[in-house]
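Knowing the structure of chain A, use the given hints to seat chain B on it.
2 protein chains.
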Amino acid sequence: MTRKVPVVENIFKANDQLAQANRNLLDQTRTFAINFMASPGAGKTSVILRTIEALKDKYRLAGIDGDLASTLDADRIAATGIPAVQINTGGTCHLDAVMVQNALPKIDLPNIDVFIIENVGNLICPANFALGVHINVLVASVPEGDDKPYKYPTMYRGVQALLLNKVDLLPYFDFDLDYFRKGVEALNPGLAFFPVSAKTGEGFGEWFAWLQGQIDAFLQTANG
Amino acid sequence: MTRKVPVVENIFKANDQLAQANRNLLDQTRTFAINFMASPGAGKTSVILRTIEALKDKYRLAGIDGDLASTLDADRIAATGIPAVQINTGGTCHLDAVMVQNALPKIDLPNIDVFIIENVGNLICPANFALGVHINVLVASVPEGDDKPYKYPTMYRGVQALLLNKVDLLPYFDFDLDYFRKGVEALNPGLAFFPVSAKTGEGFGEWFAWLQGQIDAFLQTANG
Numbered sequence: 001m002t003r004k005v006p007v008v009e010n011i012f013k014a015n016d017q018l019a020q021a022n023r024n025l026l027d028q029t030r031t032f033a034i035n036f037m038a039s040p041g042a043g044k045t046s047v048i049l050r051t052i053e054a055l056k057d058k059y060r061l062a063g064i065d066g067d068l069a070s071t072l073d074a075d076r077i078a079a080t081g082i083p084a085v086q087i088n089t090g091g092t093c094h095l096d097a098v099m100v101q102n103a104l105p106k107i108d109l110p111n112i113d114v115f116i117i118e119n120v121g122n123l124i125c126p127a128n129f130a131l132g133v134h135i136n137v138l139v140a141s142v143p144e145g146d147d148k149p150y151k152y153p154t155m156y157r158g159v160q161a162l163l164l165n166k167v168d169l170l171p172y173f174d175f176d177l178d179y180f181r182k183g184v185e186a187l188n189p190g191l192a193f194f195p196v197s198a199k200t201g202e203g204f205g206e207w208f209a210w211l212q213g214q215i216d217a218f219l220q221t222a223n224g
Numbered sequence: 225m226t227r228k229v230p231v232v233e234n235i236f237k238a239n240d241q242l243a244q245a246n247r248n249l250l251d252q253t254r255t256f257a258i259n260f261m262a263s264p265g266a267g268k269t270s271v272i273l274r275t276i277e278a279l280k281d282k283y284r285l286a287g288i289d290g291d292l293a294s295t296l297d298a299d300r301i302a303a304t305g306i307p308a309v310q311i312n313t314g315g316t317c318h319l320d321a322v323m324v325q326n327a328l329p330k331i332d333l334p335n336i337d338v339f340i341i342e343n344v345g346n347l348i349c350p351a352n353f354a355l356g357v358h359i360n361v362l363v364a365s366v367p368e369g370d371d372k373p374y375k376y377p378t379m380y381r382g383v384q385a386l387l388l389n390k391v392d393l394l395p396y397f398d399f400d401l402d403y404f405r406k407g408v409e410a411l412n413p414g415l416a417f418f419p420v421s422a423k424t425g426e427g428f429g430e431w432f433a434w435l436q437g438q439i440d441a442f443l444q445t446a447n448g
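Protein sequence lines, in the order shown, are assigned to chains A and B. Using the working numbering, read the first sequence as starting at 1 and increasing by one per residue. Using the working numbering, read the second sequence as starting at 225 and increasing by one per residue.
For reference, chain A alone in the conformation it holds in the complex (with noise of 0.2 Å):
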């Protein structure tokens, strides 16, 4: 195993390079860029799917969907009516800055002001692979349970924003909202936070609300 690690440091460093240019080119076209990150069956799409609904009136939208196979997300994101592209890792754990910046020439950039990609279901990996987007967002849900950011730490730290979803089966579940919270704030203090339910639109205001807040700051400065 003496051999894996300056691989890994290689991958790694090839990988920021090219999600730095995949930045400059969003900056560039003036799209802002949000890498959705979440454990399988979070409610990723849901929330994805609540949001542009949101968004879609206010800005031009387009997405890409990673997963190891099959079309399913995509499909759902594409039903909205807004461009959508599907990379299919074929076993790769996560979206790296290669397959994005493949992905790009597929997208209008020149006439998108957001673009949202929904990374591989994974808590792990994608936490380890910058794409080059403007915010990282985690979105953990209650039946994953209450100690997934003590159990997870690289995720949670590397996140701009982080959704609960699923906050309508709390009464289901023995999920210590406090201690949960408790363990996010030691990872990344003052994180901005939203408990949401992607089933009853619960909550979703904020999230809204505070996302126009980092697009619009975001297009006034990349216009100015």
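To be clear, the hints were calculated from the coordinates, so they are not data collected in a lab. C-beta atoms are modelled at their ideal positions from N, C-alpha and C, and glycine is treated no differently. Please note: incorrect hints may appear among the correct ones.
Restricting the straight-line Cα-Cα distance to at most 20 Å, the calculated cross-link-like pairs of lysine to aspartate or glutamate (EDC-like) are [as the list claims (entries may be wrong)]:
id, chain 1, residue 1, chain 2, residue 2
1, A, K58, A, D216
2, A, K199, B, D371
3, A, K56, A, D75
4, B, K282, B, E430
5, A, K58, A, D108
6, B, K423, B, D392
7, A, K199, B, D400
8, A, K199, B, D398
9, B, K423, A, E53
10, B, K282, B, D332
11, A, K56, A, D113
12, A, K182, A, D216
13, A, K56, A, E206
14, B, K280, B, D337
15, B, K406, B, D371
16, B, K423, A, D174
17, B, K423, A, E185
18, A, K199, B, D392
19, A, K199, A, D168
20, B, K423, A, D168
21, B, K280, B, D440
22, B, K423, B, E277
23, B, K280, B, D299
24, A, K58, A, D147
Quick look at which bits of chain A chain B covers, simulated, 3 or more residues with Cβ under 8 Å [to be verified]:
id, stretch
25, 39-45
26, 54-67
27, 111-122
28, 164-177
Frame of chain A; chain B shown alone:
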């Protein structure tokens, strides 16, 4: 990225050789080894705790527990009174054969009948790294959604048993059991399948009976 593929192949090959060495050692000491895998929050640890309670009067048990960080799960397993070892992978998304090899000397294998491994919470990476166990078990859960076999085929293809946990929550989720089963059956025909609830205990009788059949068959062969 051209350099990546051969390196990954080398890692897999080296891993497979070490897994075979682990398997030989376990066979020599007549220890039946089980590798539990699942998405974060599917209830792996709860399923394992119920399994330990059911088996511990009949067999001599030990366990190891893989996590990125923390000893939360190994502490819960040790609380049952069986020897338990924590492996912290420090960021790696799976256990591999060398981690197990390094942990085995900490277990008194000649005096252990059943060795339980709890892998890192992840639906992708653990499927690619053989550990040398006798059976691989996947714990799925209702809140994850019924589309997971379609989206994570490698994991569903590589296991000898599948538990669907949290079936007590079926009334609260749009989970189509037929769609789920159809996806599983296409990938892994005839797979042993156990709908259970670690919360209520529902369905565990069938799982315990099947597992004991596997263990007894192994121990008889090993003794013969």
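Hints versus structure:
no.: 1; hint: A/K58 with A/D216; verdict: holds, 10 Å
no.: 2; hint: A/K199 with B/D371; verdict: holds, 17 Å
no.: 3; hint: A/K56 with A/D75; verdict: holds, 17 Å
no.: 4; hint: B/K282 with B/E430; verdict: holds, 17 Å
no.: 5; hint: A/K58 with A/D108; verdict: holds, 18 Å
no.: 6; hint: B/K423 with B/D392; verdict: holds, 8 Å
no.: 7; hint: A/K199 with B/D400; verdict: holds, 17 Å
no.: 8; hint: A/K199 with B/D398; verdict: holds, 11 Å
no.: 9; hint: B/K423 with A/E53; verdict: violated, 37 Å
no.: 10; hint: B/K282 with B/D332; verdict: holds, 17 Å
no.: 11; hint: A/K56 with A/D113; verdict: holds, 10 Å
no.: 12; hint: A/K182 with A/D216; verdict: violated, 31 Å
no.: 13; hint: A/K56 with A/E206; verdict: holds, 17 Å
no.: 14; hint: B/K280 with B/D337; verdict: holds, 10 Å
no.: 15; hint: B/K406 with B/D371; verdict: holds, 10 Å
no.: 16; hint: B/K423 with A/D174; verdict: holds, 11 Å
no.: 17; hint: B/K423 with A/E185; verdict: violated, 29 Å
no.: 18; hint: A/K199 with B/D392; verdict: holds, 19 Å
no.: 19; hint: A/K199 with A/D168; verdict: holds, 8 Å
no.: 20; hint: B/K423 with A/D168; verdict: holds, 19 Å
no.: 21; hint: B/K280 with B/D440; verdict: holds, 14 Å
no.: 22; hint: B/K423 with B/E277; verdict: holds, 14 Å
no.: 23; hint: B/K280 with B/D299; verdict: holds, 17 Å
no.: 24; hint: A/K58 with A/D147; verdict: violated, 37 Å
no.: 25; hint: 39-45; verdict: holds (count 3)
no.: 26; hint: 54-67; verdict: violated (count 1)
no.: 27; hint: 111-122; verdict: holds (count 3)
no.: 28; hint: 164-177; verdict: holds (count 3)
This entry does not satisfy hints 9, 12, 17, 24, 26, going by the numbered hints stated previously.
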